[in-house]
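As a plain string of letters, each chain reads:
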Amino acid sequence: MTYDNSAGDLLNLWQSQSSELIPMPVEKLRQASDMLTRRVYWRNLREYAAAALVVAAFGYCFFKFDAMLVRLGAGLTIAGALLMAFQLHRKGSAANRTAGMEAKSCLEFYRSALVRQRDLLSSVWKWYLLPFAPGMVLFLIGQLQFVLDQPAAHLHYGLIALVFGLTFAGCAGVFALVGTLNRRAAKDLQSQIDALDAARAEP
Amino acid sequence: MPGSRNQCDDLYREAIFAHGPALDRLARAYEADAEDRRDLLQEIQLSLWRSFAGFDERCSLRTWVYRVAHNAAASQILRSRRMKSKTLVSLEEIEEQGGIAARDNTAESIERGQILERLYAFIQCLNPLDRQVILLYLEGMDADSIGEVTGISSGYVATKIHRIKTILAERFRNGGSHDIR
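Residue numbers (this note's numbering), protein chains in the order written: chain U, 1 to 203; chain C, 1001 to 1181.
No lab work stands behind these hints, which were simulated from the structure alone.
Being a predicted model, the structure only gives us computed values, none of them experimental.
Beta carbons are placed, not taken as given, at the ideal position from N, Cα and C, and that holds for glycine.
Careful: at least some of the hints might be erroneous.
Just a few of them, taken from the derived set where beta-carbon distance is under 8 Å, the chain C residues facing chain U [what the hints assert, rightly or not]:
#1 Tyr1012
#2 Ile1016
#3 Pro1021
#4 Asp1024
#5 Leu1041
#6 Gln1042
#7 Gly1054
#8 His1070
#9 Leu1078
#10 Ser1080
#11 Leu1129
#12 Leu1168
Cβ-Cβ distance ranges computed for the label pairs, FRET-style [claimed, not checked]:
#13 U:Ala198 - C:Ser1060: 27 to 37 Å
#14 C:Ala1121 - U:Met35: 31 to 41 Å
#15 U:Ala49 - C:Arg1013: 32 to 42 Å
#16 U:Trp42 - C:Val1089: 34 to 44 Å
Footprint (simulated), chain C over chain U, 3 or more residues, beta carbon under 8 Å [what the hints assert, rightly or not]:
#17 12-19
#18 25-39
#19 136-149
#20 196-203
Required output: the full structure, derived from the provided sequences and hints.
In structure tokens:
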């Protein structure tokens, strides 16, 4: 069969395609809905479990080490992990974030999804990196102090400087990379939001 | 608002009966991969069924169905890593690019299957909003109805439809390619 090209023909061609849709029975939809709810529950639980793991590891350090700076660093890292878990809880799960929005106009729905992603990415410093930074810095300085207090430390100043220098630089690099990548992604999302706003403003 | 589970179930069945084939075409236009397409169709059906608890009849069933379906598909675009790495373009950008790339002019007319294949590939290059407009246009909706679903003014929809018609006429005349220059 051939096609001779006109707007009407194209519409007819489009609408006359055979459908492969197999409607989902309502009972199956109920099961899928329950499964989705369970999946969201387990995902939230995993996020909290990760925070609990950090708390446990640095809690161990807190009690294991006597050095004040190490303990202070461990304590602040624990506080940072708890703060991050609280922020995740406050921002809600991915599924809940779109609850009530599914029947909004497409532009409104898509814009709000982009805004949410942009805000999450641009504020990554505030809710993901900064809560950990002070604790990590103090923890590392405390470790450095602990190593320097050892009797034979003066024999290995070069090695100590190298190891801690690389560790500090590595941590700072990871923080900077995460921050930069997220800022770049947020900028890209902003340009998409601007395009939607321009479309919305068209008479 | 539908008070009971049964009313939601009935609305879902009515929606699938009336708009099922259009939802299938929508899923094909969003997902080239067969398995992803099946997942998207299931997600659209699940979103629809769940949404009917909040259906307040302030808009028609058709508008509601298309909104929910397109929003579910747009969410898929946002979630999909593969789609994130793909650059999506607007109708305006395509028009500025001058429409069509080099094409095979040997055939006077091309096969129906080829036309549809190219049409799907073309639609899959578009950003979500323009994708929604062209899909609703292909379903035979007028500018006012498309505006109601998408949230942009009917005047702007009419401008977009004009662009769509121009681009489609150019692209699908004598076997035009879907490639974007």
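For this session: Could you check the hint for me, namely that U:Ala49 and C:Arg1013 are 32 to 42 Å apart, CB to CB?
Result: Once the Cβ atoms are compared, 41 Å apart, the range 32 to 42 Å for C:Arg1013 and U:Ala49 holds.
For this session: Go check the segment 25-39 of chain U versus chain C for me, would you? Three or more residues, Cβ under 8 Å, otherwise it fails.
Result: holds (count 5)
Problem set entry | chain U contact restraint on C:Leu1129 - CB to CB distance below 8 Å | holds, 6 Å
For this session: Against chain U, run the beta carbon of C:Tyr1012 and see if the smallest gap drops under 8 Å.
Result: This interface hint holds because 7 Å falls under the 8 Å limit.
Problem set entry | C:Gly1054 as chain U interface residue, shortest Cβ-Cβ below 8 Å | Since chain U brings a Cβ to about 7 Å from C:Gly1054, closer than 8 Å, the hint holds.
Problem set entry | Coverage criterion applied to the segment 196-203 of chain U (partner chain C; beta-carbon cut 8 Å; 3 residues) | holds (count 5)
For this session: Closer than 8 Å, Cβ to Cβ, for at least three residues: run that test on the segment 12-19 of chain U against chain C and report holds or violated.
Result: Check passed, 5 qualifying residues.
Exercise. Minimum Cβ distance from C:Leu1168 to chain U below 8 Å?
Worked result: Given a least distance of 6 Å, the restraint on C:Leu1168 holds.
Exercise. Do three or more residues from the segment 136-149 of chain U put their C-beta atoms closer than 8 Å to C-beta atoms of chain C?
Worked result: violated (count 0)
Exercise. Should the interface hint for C:Ser1080 be scored as holding, given a Cβ-Cβ cut-off of 8 Å against chain U?
Worked result: Because about 13 Å separates C:Ser1080 from the closest Cβ in chain U, which is outside the 8 Å limit, the hint is violated.
Exercise. Could one say that the CB atoms of C:Ala1121 and U:Met35 fall in the range 31 to 41 Å?
Worked result: holds, 33 Å
Exercise. Between U:Ala198 and C:Ser1060, is the Cβ distance one that fits in 27 to 37 Å?
Worked result: holds, 28 Å
In this structure, the hints that do not hold are numbers 10, 19, in rising order.
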